[in-house]
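Trainee: Work out the full structure, taking the sequences as your base and the hints as a guide.
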Amino acid sequence: MALDIKPTRSELINLKRRIKQTQNGYKLLKMKRDGLFHEFRTLLSEMISAKQELTGTYKLALQRINLASAVEGGLAVKSAALASSTHPEVDVKRRNIMGVVVPSVEGTNLRVDMEKRGIGLIGSSPYIDEAADSYGKLIEKVVNAAEMEATLKRLLAEIESTKRRVNALEFKVIPEMEEARDFIQLRLEEMEREETFRLKRFKNK
Amino acid sequence: MEIAVVGTSDFTLGFQLAGINRLYNSDDIEESAEHLKDLLNDKSVGIVVVNSELLTKLPERLRLRLSNSITPTVLGIGTEEDNTLRESIRKAIGVDLWK
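Chains as they are written, first to last, in the numbering used here: chain A, 130 to 334; chain B, 65 to 163.
Which chain A residues face chain B? A few, computed with CB under 8 Å, are given here:
1) Ile177
2) Leu183
3) Tyr187
4) Ile194
5) Val206
6) Pro232
7) Ala260
8) Ala261
9) Tyr264
10) Ile268
11) Glu278
12) Ile288
Derived by calculation from the structure, the hints in this document are not laboratory data. Computed from a predicted structure; not experimentally measured. Beta carbons are placed, not taken as given, at the ideal position from N, Cα and C, and that holds for glycine.
Mentor: As structure tokens, then:
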């Protein structure tokens, strides 16, 4: 690759400056990668426990709803489900972790109070209430886990691309520029030697 | 934004009880796949909840698209934990950090 460089002094100076610049950028990117990684590790341990909780809550909710449909009949559960009038909503905002925009999800109306469920206190059974309650809890966990999952995915993508850039600089860009610098230096020295030799021969004549 | 639930009617019933009204019931895998594809392009949905059993039966390409999507975020829940995130961590970092 070193063939298309002009071995001039000004090119050498330029190249030296560029190498310094690139090494600076490389250091910064490396720090960014490590920072992202650190952030990722702390979030990951939270995520793991959140996922476990999610699975646990889901199992419980499933049990409760099965019990409700066994005791009250599937139709009663279905009609209670149709009657519920408040709907959970999520609000997605943006948050910034080291230059990575991640969503921060906030939920409203996640858990529905018993009176507001639209069935009335007398019309519903405790089993259905319990099932609805545990599904409300489950949705809370779902919102939380979804936020973390999205954050982790973004961080992962960013870590991957930063890693690629760091590696490209370390193993491709900087070595190539150093090779070019060495080539120019050698060539300049060679030219100097040629020049002195030429002068000597000139004198001897 | 809303929460949407895709799965069999048994799966979605509980979520309906908690007040979610974006339900996509279907027992058929291909039909669910169609629902999921529509949901991916839906701007009014923030979170999609899918049964993880269904998630494992979906075609590979769609599964990849679902796990890479951020809005909406697709979350598989079930009695067994899903490993899509674990896989992507292993791919991006090269080490299995999920411990």
